[in-house]
Amino acid sequence: DAKTTQPNSMESNEEEPVHLPCNHSTISGTDYIHWYRQLPSQGPEYVIHGLTSNVNNRMASLAIAEDRKSSTLILHRATLRDAAVYYCILTRGGGSNYKLTFGKGTLLTVNP
Amino acid sequence: GAVVSQHPSRVICKSGTSVKIECRSLDFQATTMFWYRQFPKQSLMLMATSNEGSKATYEQGVEKDKFLINHASLTLSTLTVTSAHPEDSSFYICSARGPAATGKLFFGSGTQLSVL
Numbered sequence: 012d013a014k015t016t017q018p019n020s021m022e023s024n025e026e027e028p029v030h031l032p033c034n035h036s037t038i039s040g041t042d043y044i045h046w047y048r049q050l051p052s053q054g055p056e057y058v059i060h061g062l063t064s065n066v067n068n069r070m071a072s073l074a075i076a077e078d079r080k081s082s083t084l085i086l087h088r089a090t091l092r093d094a095a096v097y098y099c100i101l102t103r104g105g106g107s108n109y110k111l112t113f114g115k116g117t118l119l120t121v122n123p
Numbered sequence: 406g407a408v409v410s411q412h413p414s415r416v417i418c419k420s421g422t423s424v425k426i427e428c429r430s431l432d433f434q435a436t437t438m439f440w441y442r443q444f445p446k447q448s449l450m451l452m453a454t455s456n457e458g459s460k461a462t463y464e465q466g467v468e469k470d471k472f473l474i475n476h477a478s479l480t481l482s483t484l485t486v487t488s489a490h491p492e493d494s495s496f497y498i499c500s501a502r503g504p505a506a507t508g509k510l511f512f513g514s515g516t517q518l519s520v521l
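The listed protein sequences correspond, in order, to chains X and V.
Each position in the first sequence, counted from 1, maps to that position plus 11 in our numbering.
Each position in the second sequence, counted from 1, maps to that position plus 405 in our numbering.
Next up, chain X with everything else stripped away, as it sits in the complex (with noise of 0.2 Å):
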């Protein structure tokens, strides 16, 4: 499975935008980067997904690099509903080998 790097935590002041970074140098061309959030004892929540263009909706943007090896979730206006941990992941459709596996995630902290 290709693997993704994620900073384990980052800080953000309320108001202000955050931009979450993603390492992920092994992606295939098949690969779709899905960003998933999760609140303490809550499962995980879907942000946004891309393949090669950047992305908005009403959560947040991702801006892919070009190469694909990276990527950022951008969170415009920070609020204290954003606090949570961030998981950057690569999923692959299709074929009975498909699995999906959760690195550690981005904690985010989100100061009023």
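FYI, nobody ran anything at the bench for these hints, they're computed from the structure.
Source: prediction; values computed, not measured.
Where a beta carbon is used, it is the ideal one built from N, C-alpha and C, also for glycine.
Treat each hint with caution, since some may be false.
Ranges of calculated distance between the beta carbons of each label pair, as one might list FRET restraints [what the hints assert, rightly or not]:
(1) K425/V - R88/X: 37 to 45 Å
(2) D470/V - N19/X: 45 to 53 Å
(3) T487/V - N65/X: 46 to 54 Å
Each computed DSSO-like pair below joins lysine-lysine, with the alpha-carbon atoms no more than 30 Å apart [to be verified]:
(4) K419/V - K469/V
(5) K14/X - K460/V
(6) K469/V - K115/X
(7) K14/X - K80/X
(8) K509/V - K14/X
(9) K425/V - K460/V
(10) K80/X - K471/V
(11) K425/V - K469/V
(12) K509/V - K469/V
(13) K14/X - K471/V
(14) K446/V - K509/V
(15) K80/X - K509/V
(16) K471/V - K419/V
(17) K460/V - K471/V
(18) K419/V - K460/V
(19) K469/V - K446/V
(20) K419/V - K14/X
(21) K460/V - K80/X
(22) K80/X - K419/V
(23) K471/V - K425/V
(24) K419/V - K446/V
(25) K425/V - K446/V
(26) K509/V - K471/V
(27) K446/V - K14/X
(28) K509/V - K460/V
(29) K446/V - K115/X
(30) K14/X - K115/X
(31) K469/V - K80/X
(32) K471/V - K446/V
(33) K80/X - K446/V
(34) K509/V - K425/V
(35) K115/X - K80/X
Using the hints provided, position chain V relative to the given structure of chain X.
Only chain V this time, still in chain X's reference frame:
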């Protein structure tokens, strides 16, 4: 959007008993579901991949006779922790792969298992 329902959210049981956790995809058919366990302050650890109509694929180190997985329909997968012991206490999370080719996952809300 797609929803995955997981029950129960919390269970406390005595050592030696078995506990069943259900994971349902409410508005889509899930041919593949995944089961994870998570210890405090750690990441999710994949336990097994459940494919509808076939045997589950277990990750290395996960006892298949201990953690029984059944995926008899396209909307339901169950995880049974047999003869539970205190070391099985953990947060168990299921997820279902959505229908899109992107491989997007939808997660249940998790089950906190406490074995006394």
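Results for each hint:
1. K425/V - R88/X: 37 to 45 Å: holds (43 Å)
2. D470/V - N19/X: 45 to 53 Å: Roughly 36 Å apart at Cβ, these two residues miss the hinted range, so it is violated.
3. T487/V - N65/X: 46 to 54 Å: holds (47 Å)
4. K419/V - K469/V: At roughly 21 Å apart (the allowed maximum being 30 Å), K469/V and K419/V satisfy the hint.
5. K14/X - K460/V: holds (26 Å)
6. K469/V - K115/X: At roughly 25 Å apart (the allowed maximum being 30 Å), K115/X and K469/V satisfy the hint.
7. K14/X - K80/X: Answer holds: K14/X to K80/X is near 11 Å, not above 30 Å.
8. K509/V - K14/X: Between K509/V and K14/X the Cα gap is close to 17 Å, so the pair holds against 30 Å.
9. K425/V - K460/V: Status holds; Cα separation ~17 Å.
10. K80/X - K471/V: This hinted pair is violated, its Cα atoms lying about 39 Å apart.
11. K425/V - K469/V: holds (14 Å)
12. K509/V - K469/V: holds (26 Å)
13. K14/X - K471/V: holds (28 Å)
14. K446/V - K509/V: Roughly 24 Å between the alpha carbons, so the hint for K446/V and K509/V holds.
15. K80/X - K509/V: holds (20 Å)
16. K471/V - K419/V: holds (16 Å)
17. K460/V - K471/V: holds (15 Å)
18. K419/V - K460/V: Within the cut-off at roughly 28 Å; holds.
19. K469/V - K446/V: holds (25 Å)
20. K419/V - K14/X: violated (38 Å)
21. K460/V - K80/X: violated (35 Å)
22. K80/X - K419/V: violated (48 Å)
23. K471/V - K425/V: Cα-Cα ~12 Å, so holds.
24. K419/V - K446/V: holds (25 Å)
25. K425/V - K446/V: This hinted pair holds, its Cα atoms lying about 24 Å apart.
26. K509/V - K471/V: It holds: about 29 Å lies between the C-alpha atoms, which stays within 30 Å.
27. K446/V - K14/X: The given pair, whose Cα atoms are some 20 Å apart, holds under the 30 Å limit.
28. K509/V - K460/V: Holds. K509/V to K460/V sits at ~22 Å (cutoff 30 Å).
29. K446/V - K115/X: With a Cα-Cα distance of about 10 Å, the restraint between K446/V and K115/X holds, given a limit of 30 Å.
30. K14/X - K115/X: Holds, at about 11 Å.
31. K469/V - K80/X: It is violated: about 36 Å lies between the C-alpha atoms, which goes past 30 Å.
32. K471/V - K446/V: holds (24 Å)
33. K80/X - K446/V: Holds, at roughly 27 Å.
34. K509/V - K425/V: Holds, at about 26 Å.
35. K115/X - K80/X: Holds, at roughly 18 Å.
When each numbered hint is compared with the structure, violations occur for hints 2, 10, 20, 21, 22 and 31.
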